[in-house]
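We have chain A; now place chain B with the ligand onto it with these hints.
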Amino acid sequence: MNWVVNPFDEYAVEAALRMCEVVTGGKGKRFGEVVVLSIGPKKDATKEIRSCLAMGADRAIHVVAEDAALDSFVVANIVKKIYEEEQPDLLLMGKQTVDGDSNQAAQMVAGYLGLPQACFAATLESFPDKKELVVGREVDGGMEVKKVQLPAVVSVDLRVVAPTAVKNNQSEEGYEYGDGPRYASLKGIMKAKKKKIDVKELGDLGVSTDLRVKHTTFAPPPERGGGIIVKSVDELLDKLQNEAKVL
Amino acid sequence: MSNVLIFCEHKDGAIKTSTLPAITFGREVAKHTGGEVYGVVVGSGLGDAGADAARYLSKVVVVENDGLGNYLAETYAPVLAKVAADLGVSTVAATATNLGKDLLPRAAALLEAGMVSDVIEVTGGKAFVRPTNAGNALGSVEVLTDVALATVRQTEFDPAAPLDAAGAVESAEAGDIDSLNAEFVQLNLSESTRPDLSEAKVVVSGGRGMKNAENFKVLEELTDLFGGALGATRAACDAGYVANDLQVGQTGKVVAPDLYIAVGISGAIQHLAGMKSSKVIVAINKDEEAPIFQVADFGLVSTWENAMPDLIAGVKKAKGA
Ligand SMILES: Cc1cc2nc3c(=O)[nH]c(=O)nc-3n(C[C@H](O)[C@H](O)[C@H](O)COP(=O)(O)OP(=O)(O)OC[C@H]3O[C@@H](n4cnc5c(N)ncnc54)[C@H](O)[C@@H]3O)c2cc1C
Chain A
0 MNWVVNPFDE YAVEAALRMC EVVTGGKGKR FGEVVVLSIG PKKDATKEIR
50 SCLAMGADRA IHVVAEDAAL DSFVVANIVK KIYEEEQPDL LLMGKQTVDG
100 DSNQAAQMVA GYLGLPQACF AATLESFPDK KELVVGREVD GGMEVKKVQL
150 PAVVSVDLRV VAPTAVKNNQ SEEGYEYGDG PRYASLKGIM KAKKKKIDVK
200 ELGDLGVSTD LRVKHTTFAP PPERGGGIIV KSVDELLDKL QNEAKVL
Chain B
0 MSNVLIFCEH KDGAIKTSTL PAITFGREVA KHTGGEVYGV VVGSGLGDAG
50 ADAARYLSKV VVVENDGLGN YLAETYAPVL AKVAADLGVS TVAATATNLG
100 KDLLPRAAAL LEAGMVSDVI EVTGGKAFVR PTNAGNALGS VEVLTDVALA
150 TVRQTEFDPA APLDAAGAVE SAEAGDIDSL NAEFVQLNLS ESTRPDLSEA
200 KVVVSGGRGM KNAENFKVLE ELTDLFGGAL GATRAACDAG YVANDLQVGQ
250 TGKVVAPDLY IAVGISGAIQ HLAGMKSSKV IVAINKDEEA PIFQVADFGL
300 VSTWENAMPD LIAGVKKAKG A
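In order, the protein sequence lines correspond to chains A and B. Read the first sequence against numbering that gives the first Met the number 0 and you will find it ends at 246, with the numbers running on by one and no gaps. Read the second sequence against numbering that gives the first Met the number 0 and you will find it ends at 320, with the numbers running on by one and no gaps.
None of the hints are false.
Pairs of lysine-lysine, BS3-like flavour, derived with a Cα cap of 27 Å:
no.	chain 1	residue 1	chain 2	residue 2
1	A	244	B	318
2	B	318	A	238
3	A	230	B	210
4	A	79	A	213
5	A	230	B	200
6	B	216	A	244
Read the hints as simulated data drawn from the structure, not as lab findings.
The shape of chain B in the complex, shown without the other chains:
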């Protein structure tokens, strides 16, 4: 039997919505292998996170231990590897969040297993498609080891729906916890009441053409009219206009909202790699030669100074705000 194990991220006693696409991935793999999809929830003070995960999975292993309160790759990778080995699964996957990207390769090393990053399509039990070269090529890959590890691109798989009947919840021991003297010091979260970039239905992004941090307020206003998320290019992040974690692109977040509005963004391939799967792309740029227009469904050649006031007024009107 070739079962699949999904690493479930959690918060406040529930699994994160970012994990749901990985569960869908697991179900697609299981269709090829004929196995079941299991989950593992790791941490301390987990509350009902295990039971919540079991709404989507036929079995959930909960590893709860005070020594696992803060995520550390050093302590989590051995736990994940142990649960995978004990369950004898043939696939271990997680969403390609920063945590997933940090954790899975380390676990793959411990399991002596092959790993594929950023899977966008399942073509077999151990055969996947993933983008390479900033999204300019799609590579078909096959994992040759008995166990395959994968991180899953969140935007390419639908969030999983709950099962008709919830699965079993079991607990397991963490084993020896050794942080290797690595220490979690603190987490400085950027304050935001907006949805996660990777999950937002609408993303409004600004580039260097916005010129300064103050001008981003105009984009924030538009963002909030849509209840969307704010994004930016590397150039805008580097220049300090917005926080670094808003960077969209090859080396930032990958987004695929229903609507992506790019303002003052040239459209470098590294940026396009993070947004060109968006359903509808709007670009506002004063330079008609800007490459962003090649991927835009609707392009407007204008300065944002000229376009934004009318656009905001029009969206307000349409939304009845």
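Pulled out of the complex, with its shape left as it was, chain A reads as follows:
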């Protein structure tokens, strides 16, 4: 199981860990392997990788690349390449980065690999004896339930770290996790130091690094004109009626 950088990705790691552990009597016993994939500059990514390993991931792959050399396509190409090398059952990604906000990479990887996709996942259910996943997807106006055969690509939404969002039908009935991703324990942090990070240079992967989208400039958004503090509901009603004319 894999993953690519950012806050949503911490949720993806948490979801992966919940899928790969049997909880009985409040204690989790891991099975399977959770592999973390991070694409980014050397310094930034190493810290993030260590924290995912401290959460419980088993090992990591770090593709070293400067942010400027990456767009969704290059990222998707890198993930595709690593997928082919690793052949995981499931590729879990965050639904978007919180800086780029593009929300494209998972769908593209799925398209390139010809794999089924379940994006914006809020719930995940896996089964010990079936290679399939039932995913609750947050869609316009509600929740869609989609079933995909593994291997598949899943992008996770915020709610995937809710207490009962991930079920693997192996943990004790009704087990509830804490809300949000787990904190690394001291033991986890110590263990993480010994876990393997396989560092690869982007240039050595043999994937296309041609950008398809070029950012030309960044500008600040227009400022909102300063507002006022009203003293009472009556003044508010008056402003809405006579000044803003929205009432």
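Coordinates of chain B with the ligand only, in the frame set by chain A:
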């Protein structure tokens, strides 16, 4: 010739109003490229959806097949890519609804094309502006491939008006339909008689300051006086006060109504990213330091418990209700 293809979402034999801003986007791109704006309607039991789309578009390709009854990215992306390739268009776009966001990147992969998400402005045939970093920066982007894909932020483009003369409707074959064993199981729609958040003229949103689900009834009452839509912060959704699909923000819905009323909301950047293009913003919060007041046109420092009864009474009076 550089034509534009718009993926048209539809319901009950008509295209969805959420598609109309994407058509406006298409017309703006076509002004730069000198091309036409086409549409594609995909599904089964389409009824008059193709003809309805043709009221706005110079040509509409209808791909109707029983195997396309429920939306699946796996089956729709190849259809979209095929229609785009057959028509030889240079731009493919859809509104950035959840469906659009799910579908277009997959189609972009199949077309080996560059893609831009959440476009808010057209500056050239393949040059666009889009917000990044939770709306704290506007990035100018250029697509370098022959074909460009884009999702369009619904609130930033006006709904398209019909053409003087409707366009042609053609049908096309779906080709091989392969779901890759993905299966649509069911869709649980939140029941609501209110307008869509992205389309409502008035949005009333509540945050963690509302304290529980029951208290949201007060906001619902105000919402309904305006015929508006109810929204919420992530904190309120996570706490189960309201359904998740009411979340407004960077990772939820983006809204830009004429009037946005924020109650018990602190104003985190992730929330602001989804509502700060609203025309008039009202904030009610008991903490005068709350960042929401920095974007509010009219701020009222008060608990909602104190403010809401009078506000509801005042709005009722103004509306003659
Ligand atoms: C990756 C990521 C994505 C996110 N995406 C989103 C998103 O899309 N949308 C979103 O909204 N958030 C999002 N968030 C969460 C965001 O950072 C904030 O945590 C959230 O918006 C806070 O919600 P809130 O204002 O309801 O709660 P709080 O920040 O807790 O604010 C509650 C406010 O209520 C006020 N209050 C309390 N009692 C009363 C009362 N009786 N009367 C009046 N006022 C009262 C308080 O003064 C306070 O200002 C995201 C966070 C992350 C990490």
